[in-house]
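J.: Since chain E is already given, all that's left is putting chain D on it; use the hints.
Residue numbers (this note's numbering), protein chains in the order written: chain E, 9 to 383; chain D, 9 to 383.
These aren't lab readings, by the way, just hints derived from the structure by calculation.
Just to be clear, a hint being listed does not mean it is correct.
[What the hints assert, rightly or not] Pairs of lysine to any residue residues, derived as SDA-like cross-links and limited to a Cα-Cα distance of at most 25 Å, are as follows:
#  : chain 1 : residue 1 : chain 2 : residue 2
1  : E       : K65       : E       : G262
2  : E       : K55       : D       : P133
3  : D       : K336      : E       : S24
4  : D       : K336      : E       : S56
5  : D       : K189      : D       : D176
6  : E       : K336      : D       : T90
7  : E       : K55       : D       : L341
8  : D       : K302      : E       : N89
9  : D       : K189      : D       : L256
10 : E       : K55       : D       : P337
11 : D       : K302      : D       : Q333
As the structure is a computational prediction, the values presented were derived from the model and not from experiment.
Number of protein chains: 2
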Amino acid sequence: MSMDVTFLGTGSAYPSPHRGASALVLRTEGDCWLFDCGEGTQTQLMKSPIRAGRITKVFISHLHGDHLFGLPGLLCTVSLNTNRPDPTQPEPQQNQPCVDIYGPRGLRHFLRVTLGLTGSQLLFPYAVHELDPTPDQSPAEGQLSPEVTAEHGPLHPQERLGRTISLDVSSATYLLFEEKKFVVKAFRLFHRIPSFGFCVMERDIPGRLKTELLKELGLRPGPLYGRLKAGEAVTLENGRVVSPAEVLEEAIPGRKVCILGDCSAVLGEGPLSMCSAADVLIHEATLANEHREKAVEHGHSTPEMAAAVAKACCARRLVLYHFSQRYKPCALLKEGDDDVSQLKRQAEDALKGSETEVILAEDFLTLAIPLRRPR
Amino acid sequence: MSMDVTFLGTGSAYPSPHRGASALVLRTEGDCWLFDCGEGTQTQLMKSPIRAGRITKVFISHLHGDHLFGLPGLLCTVSLNTNRPDPTQPEPQQNQPCVDIYGPRGLRHFLRVTLGLTGSQLLFPYAVHELDPTPDQSPAEGQLSPEVTAEHGPLHPQERLGRTISLDVSSATYLLFEEKKFVVKAFRLFHRIPSFGFCVMERDIPGRLKTELLKELGLRPGPLYGRLKAGEAVTLENGRVVSPAEVLEEAIPGRKVCILGDCSAVLGEGPLSMCSAADVLIHEATLANEHREKAVEHGHSTPEMAAAVAKACCARRLVLYHFSQRYKPCALLKEGDDDVSQLKRQAEDALKGSETEVILAEDFLTLAIPLRRPR
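The following block holds chain E by itself, in its conformation from the complex (with noise of 0.2 Å):
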C-alpha cells in the first residue's frame, strides 16, 4: 500500500506568500487525513495534487491560529466538492461518511461557532473528537476555562456528537481510534498552550500465503486459505495441523509515522517508546539553535531539539518543518538572507553517528513512506 506525506505549509506564526501556515496530508491509497490547517491551506491544497473532497479525517495538534484558522473554510469547500446526488436535498445526503475530526478540548465550539455564525451549510456530517489536556502541558496563562472551551448553544445541524478523549496514564497516551488498517494515538507536548503529537502506527501487513506449498498439501483455495491468512491454525481431513507460520511469507511490518504540533518538550517516557523506530518523526524547528532561549520561551523548538527527540526514538527520518517566516525557502534565498538550510545542518550535527537522515519540508514537498522489509 502507498503511503506519503505532502507539506501544505511550513510557516510559524501566520501565512505568508513564501510559506503557508502549518497544514500536511498523510495519504494512503486515496485516503487522505489532514493535520494542521492554518489560515489558506484549501488554496494551497488547490495547488498541490491532493483534492480537498478526499480528506476524511483532520487532526488539530493544538488551538493557534495558525494551525486553526483555515479549517472552516476548508470544510465548506470540501462541502462545495462533495457529490450532490440530489440537488433539491439540502440535508447532508445519506451516503457522506462523516468527517471526524480531533483536536484539543475547544475545538468543537470553535467550529460550532463559526459554521454557526457564519450559515456554513455542510453536505456530509461532521464530529469533533476532543483530547482532554492535563494542567502540566502548558504554563497556567495558557490554559483555557471551561467557560472559554465549553459549547453553548444547539449543534450545528451537520454535527454529531464527538467523543472526549481522556489520557490513558499508564501509557501516557491517548486512543485516537483503531480501525482495520491503522492504530491513531496522540500524545501530549509542552507549548503555551495545550499542544498534541499524533502517532500513526500502521498494523503489521500479513505475508502472502505460499499457494504452492498448500496445494502440495491437498488445500485449494477457499475459505480455508482466509483462515490461514487471518492466523487460525487448520486441520486437514488427513488430520494434519496446518499452521499459518508454516504456510505464510513473512508479515511486512507496519509502518509508522509521528507528527507532532508546536512543541518545546514531549511529556512523558511513554510517548517516546510508541514513536520507537519511527518511520518519519515530523518535528518542528521554529528557530535555529543559536536562539534555542526565545524558541523556549515562546514554546518552541529548534533543530538540535527536535533532533534529540528524533533520537530518542531512534527515528529513521526526521522531517524539520513550521520555520519562523524569517527562513525563507532556498529557491527565494537573497544574500544576507537568514539561510534555512542551516536548520538542516544543525539538526545533522546533533545527529551524528546515527542513522537519522534529516530532511527540510517545503512547502509541497510530498514524502513517500515506502513498506518496510519483512522482518
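T.: For chain D alone, kept in the frame of chain E given last:
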C-alpha cells in the same frame, strides 16, 4: 487628499490561487479601511503595497465565510506588526488606537470566540459595532436566531464593548460614524443572510483663502484667517464685514465611495439617494446575465442587475467584483473558458447612453479616486 481603492480578492465562494476571497482596502493618505476579509486576505495584503498595520477600521458586509474567515488571522498579524514600545508589557499599549470593526449582529461573538479559543493576544484594543438587521433582508432560513448570535462569556482581554447600531427608519440607513473628514453610513441589501452596503462620504473640502484679496482688505495671516476658513464672517476695524464666500475659493465637493456586499437587491429608496452620484460604486456580479435565475436563487447579481443599481444612483464609475471562480482572470484565460470580460460588456450594454464607466476588478487592481472639481 489622495484616495484609492485596492482589491485584494475578487472571487466568490472561496479563495483560489487565481482569485482571493472578498477583501478590498480604501486608502486615504495612509489611513486604510478594510472592507470584508475572506480567508487569505493577510497573504494578499503581503503581496500588495498596503501594510496590514495601517488598517484602522474594518467593515464586514455579511457573515458568509468567504467575506469573514480571514479576519481573526488578519488581526493577529496586524498585532505582530504593531510597534511594541515595551516588550515586557503583554497588555495593549496605552497609545495604540482601537481598531473599530463594523458588521452584522453575530460578528462580536464570532471574534470573541475565535480569538479567545486560540489564545490570540492582540497588542491593540478592538471594538465590534454591530448592525441590527431587519427580517426583510433575507429569507427566513437565513436569519440567525439570537441563541446563535448572542455573545456569551467574558470579553476578550483586548475587546472594548462596541455599539449596536439600529436602522434609521426615515432614511433607511445606519449611521456608523461621523468624523472630521468623513461620514460613513450603511444600508440594507437582500441576500441569503443579512448583508449590508457601505457609503463612505467625504465632507466637502473648503476652498483656499484668497490671500491676495485678504491682504488688499488689510487682513494679515492670523486667527481671523482660521475663522473665515471655518465659514465665519469677520468684521474689520473699519466696520466692513467680510464674508467667507468673498475670500474663499470654491469648495471642493467631497467624494463618495459605495461598497456593496453580496446581494440580489438594495432595500429601499433611501440608500439609492444616499449613493447618488457616487464617484465609485462597487457592486458584485457573481454570474453572467444568462445565469440570472441561479444568481438570484443564491442572493447574487448579474452585470445587468449591478448596472441597474449604478443607473439608479447615477454612479460615475461602476466596478464589478465578486466573480464566480469559474471566471478566471483575463491573463489566465484558455480556449473554452468562461470569459470574465463578457461581464463588463453586459454591464456596459445595460448602461448604454449613460456616462457611467464600467471597470472589471482584478486582484491587486488599485483604482485612484481623484478629487472632484469645484461645483
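J.: The structure should be examined with respect to each hint, and the outcome stated for every one.
T.: Checked hints:
1. E:K65 to E:G262: Between K65 of chain E and G262 of chain E the Cα gap is close to 20 Å, so the pair holds against 25 Å.
2. E:K55 to D:P133: Given pair K55 of chain E, P133 of chain D is violated - Cα atoms ~36 Å apart, limit 25 Å.
3. D:K336 to E:S24: 23 Å, holds
4. D:K336 to E:S56: 18 Å, holds
5. D:K189 to D:D176: At roughly 22 Å apart (the allowed maximum being 25 Å), D176 of chain D and K189 of chain D satisfy the hint.
6. E:K336 to D:T90: Since the Cα atoms of K336 of chain E and T90 of chain D sit roughly 22 Å apart, the hinted pair holds (cutoff 25 Å).
7. E:K55 to D:L341: 17 Å, holds
8. D:K302 to E:N89: Holds, at about 18 Å.
9. D:K189 to D:L256: 19 Å, holds
10. E:K55 to D:P337: 17 Å, holds
11. D:K302 to D:Q333: With a Cα-Cα distance of about 15 Å, the restraint between K302 of chain D and Q333 of chain D holds, given a limit of 25 Å.
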